[in-house]
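The chain contents come next:
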Amino acid sequence: MQLSLASQNGQSPRDRVSDSSPLAIRGLTVSYGEKPAVFSVDMTVVPGQMTAIIGPNGAGKSTMLKAALGIVSPVSGRVQVFGRPLDHQRARIAYVPQRASVDWDFPTRVIDVVMMGLYRQLGLLGRIRGTHRQIARDCLDRVGMGDFADRQIGQLSGGQQQRVFLARALAQGADLYLLDEPFAGVDAATEKAIIGVLKGLRAEGKTVVVVHHDLATVTEYFDNVFLINTRKVAEGPVAEAFTPETLQAAYGGRLATAQIDQISRPA
Amino acid sequence: MGSDFVTLSLTPLLIGIFAAVACALPGNFLLLRKQALIGDAISHVALPGIVVAFLLTGAVTTWPMMLGAAGAAVVAVVMIEGIRRLGRIEPGAAMGVVFTTLFAGGVLLLEQSDTSSVHLDVEHALYGNLESLIWLDGTGWGSLLDPSALAYLPVELPRMAATLLVVAGFIALFWRPLKIATFDEGFARTMGLRTDLLGLALVLMAAIAAVAAFDAVGSIIVIAMFICPPAAARMMTNRLEVQVGWSVLFAALSAVVGYVLAGYGPLWIGLADAVSAAGMIATVSGLILALAALFGPCRARAGAPSGV
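Read top to bottom, the protein sequences are chains A and B. If you read the first sequence in this note's numbering, its first letter stands for residue 1, the second for the next number, and so on. If you read the second sequence in this note's numbering, its first letter stands for residue 1, the second for the next number, and so on.
The hints are simulated quantities; they were obtained by calculation from the structure and are not laboratory data. One or more hints might be untrue.
What the hints assert, rightly or not - If you anchor each label on the Cβ, the simulated ranges turn out as follows:
#: 1; chain 1: A; residue 1: HIS132; chain 2: B; residue 2: ASP196; range: 52 to 60 Å
#: 2; chain 1: A; residue 1: HIS132; chain 2: B; residue 2: ALA201; range: 20 to 28 Å
#: 3; chain 1: A; residue 1: ASP150; chain 2: B; residue 2: ASP196; range: 27 to 35 Å
#: 4; chain 1: A; residue 1: ARG202; chain 2: B; residue 2: ASP196; range: 44 to 52 Å
#: 5; chain 1: A; residue 1: GLY33; chain 2: B; residue 2: THR61; range: 44 to 52 Å
To be verified - Rough simulated footprint, nothing fancy, chain B against chain A, three-plus residues with beta-carbon under 8 Å:
#: 6; stretch: 61-71
#: 7; stretch: 79-93
Claimed, not checked - Short, incomplete list of chain B residues facing chain A, as computed with Cβ under 8 Å:
#: 8; residue: GLU131
#: 9; residue: THR190
#: 10; residue: THR237
Heads up, the beta-carbon is just placed ideally off N, CA and C, and yes, glycines get one too.
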């Protein structure tokens with residue numbers, strides 16, 4: 001196999017080009033208790049493309065993303081964003097957390113949530129101008145939620161909430177977009193809207209990384225995959241890294257072989 | 001309303017309003033962060049802090065006691081965080097354990113120490129002494145313009161006013177980060193916000209409000225004002241900006257109505273003595289909460305359960 005299952009110490013050739021990578025992770029280990037959730041993971045995201053992070057439940061997909069963003073503290077490891085430490089590059093990152101990670105009963109409107117994406121521009125006391133409101137409304141339009149600006153967020157369906165989160169990320173005006181399970185539990189219309197927006201970002205030259213759970217859509221949606229099961233299993237273009245062998249290695253007995261064949265070799 | 005009002009009621013009313021609002025403001029955020037019990041915890045642990053300060057200094061003087069209470073509040077916050085992290089105990093339980101233990105310790109200390117000669121007892125700690133904060137030199141509205149009379153305002157009044165300014169100033173200045181971090185802490189962190197420091201600062205503000213109010217009006221008001229006005233306000237609106245406005249209104253209303261009812265209510269129904277103003281203020285805030293829960297326009301939890 002050309003793209004071998006990654007060994008934990010092996011230096012892949014990609015290391016050399018990581019200087020300009022939108023997201024380069026080296027030796028990342030994260031632990032919540034005694035057992036590591038993510039162990040010694042390297043990742044090099046290809047610029048201007050869409051990458052899916054996939055793996056079984058509890059494989060450390062979200063944890064890896066959160067550690068890369070500084071939301072959880074890693075035990076060890078290094079994260080570089082566009083060749084510089086994360087803290088210098090906050091303005092170039094946009095993040096879409098899992099929808100269930102917040103309390104949607106929070107007293108605020110859709111437009112206010114999108115405006116949160118403009119905080120780095122506005123600062124503590126910067127005045128909100130018409131241009132800021134226009135940006136927020138444009139972002140809502142892009143996800144098809146323009147008519148919902150004044151709704152309380154708790155009145156939205158799950159798919160609508162997800163789109164509002166995406167609009168907030170768009171308002172951040174970033175170069176690298178990191179999304180945690182944006183397609184989980186959303187309706188078909190929302191899934192279509194979200195993938196349309198993400199492909200639009202790619203067309204603008206932005207880089208998109210998505211924690212993804214639906215193996216059936218990987219080939220259709222993404223350019224690259226990153227398979228993880230606590231350790232990195234495989235990384236590379238979908239055609240090379242998304243194979244029955246890598247899936248078997250990542251999921252073990254959890255997927256039937258026939259199922260894997262069906263998914264990774266569409267008829 | 002004449003000179004009697006200025007002498008007897010003006011300063012207690014103002015102190016009550018300032019204390020209520022100073023606690024209700026951070027209460028809005030604590031409630032949304034599901035940390036509402038922090039106010040309860042802080043006001044309870046203030047007791048052992050005050051007793052220790054008294055034992056060390058041997059006198060009931062304001063600043064050592066305020067410092068003792070503030071120190072105890074910080075100790076409690078650290079203990080709550082420690083227990084939560086080390087013991088994997090949920091935050092509510094961690095708070096419950098810490099404040100009941102420290103409060104009980106304070107009661108024991110109080111019993112064992114010779115405080116009988118001074119005005120320091122459990123009842124005082126609970127109800128404060130709002131009615132006694134009168135302005136003897138305030139003989140009429142004209143006294144508000146008289147520097148020599150103003151010099152004898154109860155010291156609790158300027159202290160509570162300053163506390164309110166500090167707390168309100170903090171919330172106004174950090175409004176945006178507080179709102180973002182309260183709604184979505186992970187997202188706030190990805191934008192570089194120090195949500196840990198922000199959360200600590202919020203709790204410290206609550207501690208300052210609680211300790212200052214505790215000194216003036218007792219812990220009953222503190223506990224009630226951290227929770228009741230913000231919880232009632234949440235049921236009046238679906239916007240945080242408006243909610244904070246309602247909470248301030250409800251807090252002030254509780255203070256005024258509670259004070260008046262405590263002083264005159266028993267007389268109206270034929271009873272001889274006035275009742276505790278602090279107790280009545282807290283009761284009124286509870287009644288407002290009940291009314292909001294029954295008739296408030298936004299009392300139903302909106303949307304799908306969050307999974308919390």
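### Query
In ascending order, which of the hints set out earlier in this document are inconsistent with the structure?
1, 4, 8
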